[in-house]
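For the protein sequence lines, the chains are A and B, in the order given. Here the first sequence is numbered in the working numbering, starting from 8 and rising by one per residue. Here the second sequence is numbered in the working numbering, starting from 8 and rising by one per residue.
The set of hints was computed from the structure by calculation and includes no laboratory data. Errors might be hidden in some of the hints.
Copies of the same chain look alike in the list, so a pair counts if it works inside one copy or between any two.
Said to hold, decoys possible - Pairs of lysine to any residue residues, derived as SDA-like cross-links and limited to a Cα-Cα distance of at most 20 Å, are as follows:
hint, residue 1, residue 2
1, Lys43, Asp9
2, Lys28, Lys52
3, Lys52, Arg65
4, Lys52, Pro64
5, Lys28, Arg73
6, Lys28, Lys43
7, Lys28, Ile59
8, Lys52, Leu69
9, Lys191, Arg114
10, Lys52, Gly91
11, Lys43, Thr141
12, Lys191, Ile59
There are 2 protein chains.
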Amino acid sequence: MDEIDELLSIRAAELYYEENKTQDEIGQALRLTRWKVGRLLAQAKQRGFIRIEILHPRARRLPIERRLRDERGLTDAIVVSVAGVHSPEELQERTAQAAADYLTALRPVPRTLGVSWGRTLFEISQHLRNGWATGVNVVQINGGVSLNRRPGTAAATAVGIAQKGGGSATLLPSPAILERLATKEAIESDRVVAGVIELARSADAYLFSAGAADHNSVHVESGYLSIGDVDVLVQKGAVGDVVGRYIDSDGNIVDPALDARTVGLTLDELREAPLAIAVVAGTTKHAVADAVVRSGLCSVLVTDEATALHLLDG
Amino acid sequence: MDEIDELLSIRAAELYYEENKTQDEIGQALRLTRWKVGRLLAQAKQRGFIRIEILHPRARRLPIERRLRDERGLTDAIVVSVAGVHSPEELQERTAQAAADYLTALRPVPRTLGVSWGRTLFEISQHLRNGWATGVNVVQINGGVSLNRRPGTAAATAVGIAQKGGGSATLLPSPAILERLATKEAIESDRVVAGVIELARSADAYLFSAGAADHNSVHVESGYLSIGDVDVLVQKGAVGDVVGRYIDSDGNIVDPALDARTVGLTLDELREAPLAIAVVAGTTKHAVADAVVRSGLCSVLVTDEATALHLLDG
DNA sequence: CGGCCCGCTGCTCATCTGAGCACCATCGCC
DNA sequence: GGCGATGGTGCTCAGATGAGCAGCGGGCCG
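Take these sequences, add in the hints, and give me the full structure.
Below is the structure:
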């Protein structure tokens, strides 16, 4: 297309999209046949001169979702638009909402849903509607009795999801990470704990998030790890954690000794799950998100547009 | 529209605009009739959920142009899009290009065109194509023999416009502002100068810009005014200058004594012109642009989207 | 110089879309 | 409980649009 056609396509686009003229009217105005106008408009679109955005908190980016499925082998992907987002909190909320929507629409409805805990999961639980399902039983898949001043968000998350879904929650009564391996093994051999983990293994679907390996981690906030611990993990290559287990950019466990002291499902158990839904959003989590998807930790990803593009285009 | 319809309209918009589905297909996907889908799409548009932008340096904003004509009484208005603009220079270039386009398309072609000078005018002259008109004679409408190291841009501007338009230029061989009133009167009584001004008065159309009243003014750069002079003018209410004459926000001369020492057409002569084209763009010029338009200094305005919206919505 | 190829143009025709209209359910009022 | 108003729904039909195709012309090579 030469420059004259390029300019004409812009003039045509102005009249078509801003003035709501028909292609025929535009043809008369620019002294072109209406077919030429149609072709100019098609070229303007194809060359990227026309940008159409859907401005809404619930807007999704279907083409990016398709690319994630096709190029990253995911069963499904939900990508929320970042158009008009001004704060990380808003992004987080949009993503949580989308995850809640996804769960609500999920068919077949899982009878048992394994969930992790954390800020993201808690927000998802808040965005679920009463009656989002009928009879969904929820089971915690990793330890989470909080050690500090915010006790119970782990429990509140699981219970909230279960209650709104007309089912009951089974909590995992254990800390996330124990100080000594022996203690961890003792706890896991407790009949109740072992039973919960067994139930968790049999869940139809898992819903979990991922944390970035930084000082704002919930593990630091909850007192399971010190800031120094996190720094050491980062030095060893950690990009973040999934169900309390820290991984590097290839999805491998960074510190096997620490991992052995962590209570809950293992990452390989997640990888083999029939349905593993990861909800990961925000600039700080680009690296973990990449590790999660590359190493096959999830079959469904709920994320934001920027993170998705990071996964796809590097 | 309740929330459920709002969500549906977003889903429909995603499928329609991002996936290029027909309304009928969307209807099948969402279990709606195609008419319902059409209505949802119409509502999404009408509620502003759909934003369509034309991304191109030559793109204009026709709806804003119409508002300027209707609400500000302009004969014509050209508004360039600011989508994708990253620097003031880029904005300036787009506007100059648009002004050049406007001149080129102007009918009837003016036989005599009065022009001012300055950065904007110079850039317009550069964006005009050879042969943009046949036989347009150009006459300078305000003094402009530059006093400093950049001599001749005033002359180059007029000559450039004339040559590319297949005509000749008549320069006004006089400084813009003289130090003493007597000198100014003497110069104006010079036969050549008087002749040029007489020719300028008879021009079919005028093309000029406006300067902001700040330290970057061409008058400061050219040595006609000191930084202190400008500060004094600003204190008196000056928002900028048109053909070298400083005006306040109502378009009135700020300093009559200074004005009397300024060579060239008066503002009232511009106001009575059959066609006065002002080219004003950039954040720094919002205030002058407002004064120019409000006080009827131009009948045609070439500007950028942000400036135009400032004029319209304050 | 003639013939061939390629791309553009303007057409036909099928499909898609929006305007307008009749119908129906719901609601408030009598 | 009857009745009109109101808003939403699904239709008809005409206008708008896109796909596909024949024809033309300009450029290139033999």
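Hints, verified against the model:
no.: 1; hint: Lys43 - Asp9; result: within (14 Å within a copy, 41 Å between copies)
no.: 2; hint: Lys28 - Lys52; result: both (17 Å within a copy, 16 Å between copies)
no.: 3; hint: Lys52 - Arg65; result: between (25 Å within a copy, 15 Å between copies)
no.: 4; hint: Lys52 - Pro64; result: between (25 Å within a copy, 15 Å between copies)
no.: 5; hint: Lys28 - Arg73; result: between (33 Å within a copy, 15 Å between copies)
no.: 6; hint: Lys28 - Lys43; result: within (15 Å within a copy, 23 Å between copies)
no.: 7; hint: Lys28 - Ile59; result: both (18 Å within a copy, 15 Å between copies)
no.: 8; hint: Lys52 - Leu69; result: both (18 Å within a copy, 19 Å between copies)
no.: 9; hint: Lys191 - Arg114; result: neither (36 Å within a copy, 87 Å between copies)
no.: 10; hint: Lys52 - Gly91; result: between (22 Å within a copy, 16 Å between copies)
no.: 11; hint: Lys43 - Thr141; result: neither (56 Å within a copy, 30 Å between copies)
no.: 12; hint: Lys191 - Ile59; result: neither (54 Å within a copy, 57 Å between copies)
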